[in-house]
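Take a look at the letters that make up each chain.
2 protein chains.
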Amino acid sequence: MTDLLHDRSAWELTNCSVANALDVVGNRVSMLIVREAFLGTTRFDDFATRVGVSESSAAKRLAELTSAGILERRPYREPGQRERHEYALTRMGSELRVVLTALRDWGDRWASGSAGPPFHAVHRACGEAVHAEIRCRSGHLVPLGGTVLLPGPSRDTRGAT
Amino acid sequence: MTDLLHDRSAWELTNCSVANALDVVGNRVSMLIVREAFLGTTRFDDFATRVGVSESSAAKRLAELTSAGILERRPYREPGQRERHEYALTRMGSELRVVLTALRDWGDRWASGSAGPPFHAVHRACGEAVHAEIRCRSGHLVPLGGTVLLPGPSRDTRGAT
Numbered sequence: 023m024t025d026l027l028h029d030r031s032a033w034e035l036t037n038c039s040v041a042n043a044l045d046v047v048g049n050r051v052s053m054l055i056v057r058e059a060f061l062g063t064t065r066f067d068d069f070a071t072r073v074g075v076s077e078s079s080a081a082k083r084l085a086e087l088t089s090a091g092i093l094e095r096r097p098y099r100e101p102g103q104r105e106r107h108e109y110a111l112t113r114m115g116s117e118l119r120v121v122l123t124a125l126r127d128w129g130d131r132w133a134s135g136s137a138g139p140p141f142h143a144v145h146r147a148c149g150e151a152v153h154a155e156i157r158c159r160s161g162h163l164v165p166l167g168g169t170v171l172l173p174g175p176s177r178d179t180r181g182a183t
Numbered sequence: 023m024t025d026l027l028h029d030r031s032a033w034e035l036t037n038c039s040v041a042n043a044l045d046v047v048g049n050r051v052s053m054l055i056v057r058e059a060f061l062g063t064t065r066f067d068d069f070a071t072r073v074g075v076s077e078s079s080a081a082k083r084l085a086e087l088t089s090a091g092i093l094e095r096r097p098y099r100e101p102g103q104r105e106r107h108e109y110a111l112t113r114m115g116s117e118l119r120v121v122l123t124a125l126r127d128w129g130d131r132w133a134s135g136s137a138g139p140p141f142h143a144v145h146r147a148c149g150e151a152v153h154a155e156i157r158c159r160s161g162h163l164v165p166l167g168g169t170v171l172l173p174g175p176s177r178d179t180r181g182a183t
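Same order as they appear, the protein sequences are chains A and R.
Its first residue numbered 23, the first sequence is counted upward by one per residue in this note's numbering.
Its first residue numbered 23, the second sequence is counted upward by one per residue in this note's numbering.
Check before you lean on any hint, since a few could be wrong.
If several chains are the same, the list does not tell them apart, and a pair holds so long as it fits within one copy or across any two.
To be verified - In silico lysine to aspartate or glutamate, DMTMM-like type, Cα no more than 25 Å apart, as pairs:
#1 Lys82 - Glu34
#2 Lys82 - Asp68
#3 Lys82 - Asp45
#4 Lys82 - Glu94
#5 Lys82 - Glu117
#6 Lys82 - Glu105
I should point out that these hints are in silico values taken from the structure, not numbers from a laboratory.
Okay, chain A solo, but in the shape it has when bound:
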């Protein structure tokens, strides 16, 4: 196997999936809006209040997330009110659950301060704590250093050995 990790200077990374993901969700407010969507928030005012940002910032990020396909807008109308929209995660958005869980785990462990985290996530079926972890398709836990990087379909081969 040609492990790309063996010599980082021998290859250029283009079309990086981490960078591509961060182009969409690589800012704090967008990720916190996605967090709120997972926590059940659907309405514009609630996103702004609960994320703690201005209405203009919330509007900008909600529009970006909708345009990217992470949220979808649905019309609703309360009695006597004009039609408004609420926001829900698409399948693309709901798959960010692993990213948010990993961020929460890391924040619980390294950035929650002496007060500890505000909540614990547990498995509904058995009550045990929930976390994100790295496994291979055979089900093995993959430790640090246990991963090999192989060239994929879009790897730029300029300068590769």
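Dock chain R against chain A, hints included.
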């Protein structure tokens, strides 16, 4: 069990671990610098080049990541040169591996375009593809909707039912 997800309007989220994590790594350049550290990059010039940012941007983010405890600076000196520093992930930094793996998975799936991802990560021991997933401490895979949020040590109880 009091599942906080049951009524998002009944509680305020303070000291959120996701937000706390994003205070440290919630911008694109910082996360790509951490990606590079995992890929073996250690030197200032290489971080700037491989992330594709100006030296001043790289310097600012490397200083922030070092100050936060994610990277550590180590002195080195090449023959005939002045002493310089290289950067390595601390344990705190290396635990971001799950976040990066989750971002890469998501980017592979939703944001890599028709060209496909530039590389595949496989388990060194068995050759199978590596990914991030959500499990509980008993080892069960936790599906969407399979998580319950319980109040933790620092939850703000204002307005809670």
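- request: Go through the numbered hints given earlier and state which of them the structure violates, listing their numbers in rising order.
  value: none
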